[in-house]
Structure formats: structure tokens, C-alpha cells
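Model the full structure from these sequences, guided by the hints.
Chains as they are written, first to last, in my numbering: chain A, 1 to 134; chain B, 135 to 268; chain C, 269 to 402; chain D, 403 to 536; chain E, 537 to 670; chain F, 671 to 804.
Hints listed in this document are in silico derivations from the structure and should not be mistaken for laboratory results. Hints may contain errors.
Below, in silico cross-link-like pairs of lysine-lysine (DSBU-like), each with a Cα-Cα straight-line distance of 30 angstroms or less [stated by the list, open to error]: (1) 187/B <-> 693/F; (2) 455/D <-> 425/D; (3) 23/A <-> 589/E; (4) 559/E <-> 628/E; (5) 723/F <-> 762/F; (6) 559/E <-> 53/A; (7) 53/A <-> 23/A; (8) 455/D <-> 321/C; (9) 53/A <-> 589/E; (10) 723/F <-> 693/F; (11) 291/C <-> 360/C; (12) 455/D <-> 291/C; (13) 589/E <-> 628/E; (14) 187/B <-> 226/B; (15) 425/D <-> 321/C; (16) 723/F <-> 187/B; (17) 723/F <-> 157/B.
There are 6 protein chains.
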Amino acid sequence: MPARLIEYGEASAQVRAVFDDIKRVRGVPDVNNFWKALANHPALLSRTWESLKQVMAPGALDPMVKEMLYLAVSITNGCAYCTASHGAAARKAGMSEEMFGELLAVVGMANETNRLVDGLGVPIDAQFVASAST
Amino acid sequence: MPARLIEYGEASAQVRAVFDDIKRVRGVPDVNNFWKALANHPALLSRTWESLKQVMAPGALDPMVKEMLYLAVSITNGCAYCTASHGAAARKAGMSEEMFGELLAVVGMANETNRLVDGLGVPIDAQFVASAST
Amino acid sequence: MPARLIEYGEASAQVRAVFDDIKRVRGVPDVNNFWKALANHPALLSRTWESLKQVMAPGALDPMVKEMLYLAVSITNGCAYCTASHGAAARKAGMSEEMFGELLAVVGMANETNRLVDGLGVPIDAQFVASAST
Amino acid sequence: MPARLIEYGEASAQVRAVFDDIKRVRGVPDVNNFWKALANHPALLSRTWESLKQVMAPGALDPMVKEMLYLAVSITNGCAYCTASHGAAARKAGMSEEMFGELLAVVGMANETNRLVDGLGVPIDAQFVASAST
Amino acid sequence: MPARLIEYGEASAQVRAVFDDIKRVRGVPDVNNFWKALANHPALLSRTWESLKQVMAPGALDPMVKEMLYLAVSITNGCAYCTASHGAAARKAGMSEEMFGELLAVVGMANETNRLVDGLGVPIDAQFVASAST
Amino acid sequence: MPARLIEYGEASAQVRAVFDDIKRVRGVPDVNNFWKALANHPALLSRTWESLKQVMAPGALDPMVKEMLYLAVSITNGCAYCTASHGAAARKAGMSEEMFGELLAVVGMANETNRLVDGLGVPIDAQFVASAST
Numbered sequence: 001m002p003a004r005l006i007e008y009g010e011a012s013a014q015v016r017a018v019f020d021d022i023k024r025v026r027g028v029p030d031v032n033n034f035w036k037a038l039a040n041h042p043a044l045l046s047r048t049w050e051s052l053k054q055v056m057a058p059g060a061l062d063p064m065v066k067e068m069l070y071l072a073v074s075i076t077n078g079c080a081y082c083t084a085s086h087g088a089a090a091r092k093a094g095m096s097e098e099m100f101g102e103l104l105a106v107v108g109m110a111n112e113t114n115r116l117v118d119g120l121g122v123p124i125d126a127q128f129v130a131s132a133s134t
Numbered sequence: 135m136p137a138r139l140i141e142y143g144e145a146s147a148q149v150r151a152v153f154d155d156i157k158r159v160r161g162v163p164d165v166n167n168f169w170k171a172l173a174n175h176p177a178l179l180s181r182t183w184e185s186l187k188q189v190m191a192p193g194a195l196d197p198m199v200k201e202m203l204y205l206a207v208s209i210t211n212g213c214a215y216c217t218a219s220h221g222a223a224a225r226k227a228g229m230s231e232e233m234f235g236e237l238l239a240v241v242g243m244a245n246e247t248n249r250l251v252d253g254l255g256v257p258i259d260a261q262f263v264a265s266a267s268t
Numbered sequence: 269m270p271a272r273l274i275e276y277g278e279a280s281a282q283v284r285a286v287f288d289d290i291k292r293v294r295g296v297p298d299v300n301n302f303w304k305a306l307a308n309h310p311a312l313l314s315r316t317w318e319s320l321k322q323v324m325a326p327g328a329l330d331p332m333v334k335e336m337l338y339l340a341v342s343i344t345n346g347c348a349y350c351t352a353s354h355g356a357a358a359r360k361a362g363m364s365e366e367m368f369g370e371l372l373a374v375v376g377m378a379n380e381t382n383r384l385v386d387g388l389g390v391p392i393d394a395q396f397v398a399s400a401s402t
Numbered sequence: 403m404p405a406r407l408i409e410y411g412e413a414s415a416q417v418r419a420v421f422d423d424i425k426r427v428r429g430v431p432d433v434n435n436f437w438k439a440l441a442n443h444p445a446l447l448s449r450t451w452e453s454l455k456q457v458m459a460p461g462a463l464d465p466m467v468k469e470m471l472y473l474a475v476s477i478t479n480g481c482a483y484c485t486a487s488h489g490a491a492a493r494k495a496g497m498s499e500e501m502f503g504e505l506l507a508v509v510g511m512a513n514e515t516n517r518l519v520d521g522l523g524v525p526i527d528a529q530f531v532a533s534a535s536t
Numbered sequence: 537m538p539a540r541l542i543e544y545g546e547a548s549a550q551v552r553a554v555f556d557d558i559k560r561v562r563g564v565p566d567v568n569n570f571w572k573a574l575a576n577h578p579a580l581l582s583r584t585w586e587s588l589k590q591v592m593a594p595g596a597l598d599p600m601v602k603e604m605l606y607l608a609v610s611i612t613n614g615c616a617y618c619t620a621s622h623g624a625a626a627r628k629a630g631m632s633e634e635m636f637g638e639l640l641a642v643v644g645m646a647n648e649t650n651r652l653v654d655g656l657g658v659p660i661d662a663q664f665v666a667s668a669s670t
Numbered sequence: 671m672p673a674r675l676i677e678y679g680e681a682s683a684q685v686r687a688v689f690d691d692i693k694r695v696r697g698v699p700d701v702n703n704f705w706k707a708l709a710n711h712p713a714l715l716s717r718t719w720e721s722l723k724q725v726m727a728p729g730a731l732d733p734m735v736k737e738m739l740y741l742a743v744s745i746t747n748g749c750a751y752c753t754a755s756h757g758a759a760a761r762k763a764g765m766s767e768e769m770f771g772e773l774l775a776v777v778g779m780a781n782e783t784n785r786l787v788d789g790l791g792v793p794i795d796a797q798f799v800a801s802a803s804t
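Okay, here's the thing in C-alpha cells:
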């Protein structure tokens, strides 16, 4: 059931254009397996890359922080591939092993206390309801 | 089934000592409902606070980043209380609404692409396996 | 979107037969909202009750332990209704508040260390692979 | 820890009867590993097959749609085996690669927007509460 | 912590353009709370709507099937808002109560058997690995 | 991306002290891979072991029940390593194969009915709200 990985040499012009853009934006010689697997579904490949490029572009959050947030979600979802690839990306963006150790500790604690909250049925504090996001 | 919230005035000496330490470390006049609910189980209250204090203490990661990681996990787990309380904590630590919008975008994309990876059964790229954490 | 709750007085003969069996087996005067909601889909109601009756019947595991396992899963899934109803069932089956405190601590720790394992990509120890279940 | 796979030749009469029924209903020469693993627990094997046979039988939903729903849940849960086996079943029931690409896109988007809803704490619209299922 | 809901009258031109497009495509007089909450983050609102419009557009899958897949994921994630809104959308697209009962049965069974597979550590059958997606 | 496993011979004095305590408390000649992987982050290793030792110590709950609760959470989270290691620990603490079969049945049913509750939007019964945990 693992999807076939589409290599550049056998890809359609539409898929090659996306691969070229990924290589250009990221400055890498080849795309990761994720993109080669997505290439079985060109419309999905194209939309996912356009969204990801926009979401991970420089903004109010530091690029390393964005990769660490991605990593925290991937660990929580138990996605081994995602944890490997975004762990590598976060390290490339500057995450040290000491930072990773602290990230792991936070992710672990958050998953622990989330379950304590669920188990105890804690009502939301009045001040949290009041301080809406605007 | 929601746990009874233990107020300071009715708490045991052991629970009061933890409440006092939380108020001192965080500089707040009262503790959140989470701690009042945990107080039904003093050993759990004490161990959770000691762990959390250590995990969230200043370190290699910026305190605002730590709170944003906590928030990313809480959103992924669909824990409404945790999202409310750590959203408030992240804002207090400096997260702007623009940063929160980007955090949401990263968390949303990560949950989307995690499922694409799972559905396609993407094998881990050789370079991610090679680059072990040391 | 919450399902309409079907009361005994308005239920079909098929649904009433299931409700009667639930009340008989559990020794309760009325069924919980879960069953009244399931009654919108009689075939699902009937199959779910037959499975649950079989799964929760006396066996190798103590009934209180079975309810605590149910509760641990419900907390992990963040299902508020399930946590409330199986928390009540576990207490009825003998779970003390001290036991519940320890259950919460185990569920919390398990969710924490599960994420640490995911984040570190820990390979399964040789002896765990060797000691297959038979 | 992987369960031992019980082959037909070594199975008890009770297990063989279930295996025979699976092979008859599905028109296959042998059962999948899932059933061989479940055979370590004959009561669980029997109940699971009876439930699954009833749930996946022809009804108001098209069999291919049922398999695609199963697949969507399996992807969301990150269950690699389930994604592989129900992906195969859905293809056998008529799912084309184009359909699978769209299924992946819907599952990905649903997981993304579910997290946006959780992160924003969106209140349920009045008309959704009003339009209960009956 | 719930996000403030941005109404049309107070929205920026950029947000109004998205709201207008949603109303036009869906033929509704007002947008759901989800979009009003997302409007606090205009870039996220715009990208999410563009993606969703593309993903849910007519294609190889029937629109009702797409909505049922969305609903199956939302139920699995325990997202109450998403379950309410996509339950309403699926009904509008033709899902009968009988179909919903079968969807619930499939989603329930899938979540049950996913856990049995995880607990037994079932290895992927050779034929599922062989039958890659192309 | 899998973390490097730190063996005793190459470990720091701080890490060796934790390894020695694990071996002493558990009466084993070597620690599992989990601890060798955690050893890349000494503060995380130390805090995790201290918490785990306290949580799994004799108390109101039987040690076998604690391991079964740990196992139920690990299965629900789809954590293969955790399911293997805590499956082994539960068997060592007395869990028979018959008990494991019943545990699987409960975990499976709980995940099934949790989704039925989510899909139906079942409101919490009045008596469950009333019977708070104290």
C-alpha cells in the first residue's frame, strides 16, 4: 500500500514544475519522498506545496519556531515520517540538541496535563473566557 | 463528573504549600481551576507542579516558544481547557495575534500533511535515518 | 446536531426490548443518554449493546479493572461524556478516589512517555520482538 | 510483542469455523494477518467478525463508500496496517486512484480545519443545534 | 479564549471578499461561525477557503461522499463543532438518517479494529505491500 | 532521526546514576532502549524516571492493573514501542493471555463507543454532572 515514489525523470510536466519550485525555494538537489509520493495525485501535490510555501514563509514567527511547532504536532500525532523530516528541518533552522530535549519535555508534559484536564473535567476559568482573542 | 474545585481556605497544609509556590513563581493572586481540580489528589498535584515548574523554567528555549509548543499540542489534542489556558499564557509571554494566526496555520497544515503521509505510507528518506540525533 | 434522545414511551418494540435488557442486566430504572441517542439507529443500538454486554461480562479481568481500562481510553480520547459515564461506572464497581488519583497519574504519564518515544524514534528492544504473545 | 499468527492448520475447531466463514463471505483463499492475530483470542475473533460482517453488509451505503469511510478513519488514526488493508479493500470495491487522491485531500483538509476549529474555540451555530438528527 | 466572531458589517474589504465568495458558492445568506472566527486572521481565512473550495469541488467523488468522509474524520477527532457542521452539510447533500446510522457503525468499528491492530502489532500482509498504489 | 542509544560504558556519571537506579528498582541487568534514547537529554531522563518510579510504585492500585492501564493508553495512541514494552511489563506483572484478550476487547469497544458518542453529540446525563468526584 505504500505509494509509488515518482522520480523527476518519469514525472509529468505539471509535477516537474512543482518539484523545480520546491528545489529552488529550499535550495536542495532533490525533493523528499513526501513530494514524490504526493506526485501520484498532481492536484493534491500542487495545492499542498502552495499552502506549505505560504504557511512556512517568513512572517511574525521565526522560521525555527515554525518548524518546532510542526515537529510538536507530528510527535503528538505519532507520525514517524513527519517527526523525522521536520526534526531534520528544525535542526537545519537552528534547533540545538538542548533545545530538542526541552521541546520533548514540553510536548510530553502537555500531553500528560491535557489528559489530566480531560480526566478531571476542569471548567474553563472565567478570565480565559473573557480574554477572547481580540 | 467534573472534579470538585478545592479552594485555598478548605485545602490541607500539603495542598496549600503547593498553591503558595504556584502563586509565588507565577506572581498571581490565585491558582487556575486546573490546580484546584488536581488538589483532590495531593500526590498528583505535587508531582505535576514540580515537573511543570522544571519543564517551563528558563532554558535553551524562549518561554514564549515553550508556551506556543504547549498550545500547539493542546490544539492538536482538541483539549478546550488547555487551549484556553495556554493560549492566555502564550499571549502573556508575548504572542501577538499575528503570531497566533501563523501558529494556527502551522498547526493546521501539520495535521493535514501528517494525514497525507499516513495515507500514502511514505518511507523515511535515507538522509533522515542517517542524521541520527548525535 | 445532537441526536434526539428517544424515551421508552415513544420507542419501537425493538428498541424497548434492548432498553429492557439493559435495565435488567444493570439493575437500573432507566438507561443513560448514550442508549437513548443510539436508539435513533436500532440496528446499531442492538449490536452495540450485545457487544458491550459480552465484553464487560465477568471473565479473567475484574469488572472494576475493565471499567478503569474503559475510563483510561476515554480520558485519552478526550471524550467528556465517556469519561463522566465510565468514571461513574468505575466508582460504582469499587474505584476509590485514591485509586482514581493513581489512574489519572498513570494515564497522564503514559501519554507523556508515548510522545517521548515518538519524538525519539525509539527502536523496539530485541527481547520485546522475541517474546511474541504465545 | 507482535502477536503470533495462527495458521489454519494449527487452529482450533472454533477458530477454523470463523476462518471458513470469512473465506466464504469474502471469496478469498486465505484470511488476512489481522484475523490470524485475533485468533489468539477466539472470543474476540468471533465477536469482531460477526460485528464486521454485519456492519459492512449491503445497506443504505454503497460498499465502496463504506470502505472509503473505514480508510478515512484509519488514516486519521495513523494506523499503517489498517490503511494498507482497507486501501486494498476500497480499491477492490471500485475506488480509482483519482478517487483516492480526492479522499486524501478531503481527509487532509478535515484534519486541518478540525484543528483550526479547536484552536479558535468556535461556538456551534444556532441552526446546527436546532437541526437535531430527527 | 473563544475567538471573537467577525460580522460582515465590521469586516475589512479583504475579509468581505472571502465572505462574499463563500455565500455565492454555497448559496447561503450568511457564513458559518467557523469563517467569522477565521476572519481574525485574514491570510489564514483566505488560504483555507481557497483550499476547501478546491477540495470539495465536483470531481471523481460524489459531493455527498466527500461530506461523509469529512464527517467521519471529524467524529474520529472528537471535534464537536466539525461534527455538527459537516453532519448538517452531509444531510443537505443527501445523507439520510439510515445512511448516517451506517456511517456511525463503520466509524465506530474502524476505531475499534484500528486499536486491535495496534494492540496485536499485526504485520502488513505481503500482498498489501506488493499492491502499491500504481 | 532515531535518537542514538547511549550505552552504560559511554554514559556520563549523571546518566549512569539513573541507569543504576532503574536496574536496581526493576531487578534487570540492563535498561530498555527508551532510557538509552532519553539519555541524550539527561535532565529529561532524570525527571522522567523520578516521575515514573513514583507513579508506578505500589499504592491503591495493583501493579498489574497499573501496567494494563499504561498498555491501554499506548494501544489507543498507536505507539508500537510502548505497546511492546508495556505489554511485556504487564505480562511480567501477571497478565495472562486471556486477560490480554479481554483488555483488547475493552480497549477496542471503548474506542468504538467513544466515536459513537462523538458522532451523536450525547449530552452528559444529569446524574453524572451531579456526582462530582468528591
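Verification of the supplied hints:
| no. | hint | result |
| --- | --- | --- |
| 1 | 187/B <-> 693/F | holds (28 angstroms) |
| 2 | 455/D <-> 425/D | holds (12 angstroms) |
| 3 | 23/A <-> 589/E | holds (28 angstroms) |
| 4 | 559/E <-> 628/E | holds (16 angstroms) |
| 5 | 723/F <-> 762/F | holds (17 angstroms) |
| 6 | 559/E <-> 53/A | holds (28 angstroms) |
| 7 | 53/A <-> 23/A | holds (12 angstroms) |
| 8 | 455/D <-> 321/C | holds (19 angstroms) |
| 9 | 53/A <-> 589/E | holds (19 angstroms) |
| 10 | 723/F <-> 693/F | holds (12 angstroms) |
| 11 | 291/C <-> 360/C | holds (16 angstroms) |
| 12 | 455/D <-> 291/C | holds (28 angstroms) |
| 13 | 589/E <-> 628/E | holds (17 angstroms) |
| 14 | 187/B <-> 226/B | holds (17 angstroms) |
| 15 | 425/D <-> 321/C | holds (28 angstroms) |
| 16 | 723/F <-> 187/B | holds (19 angstroms) |
| 17 | 723/F <-> 157/B | holds (28 angstroms) |
The structure fails none of the hints (numbered hints given earlier).
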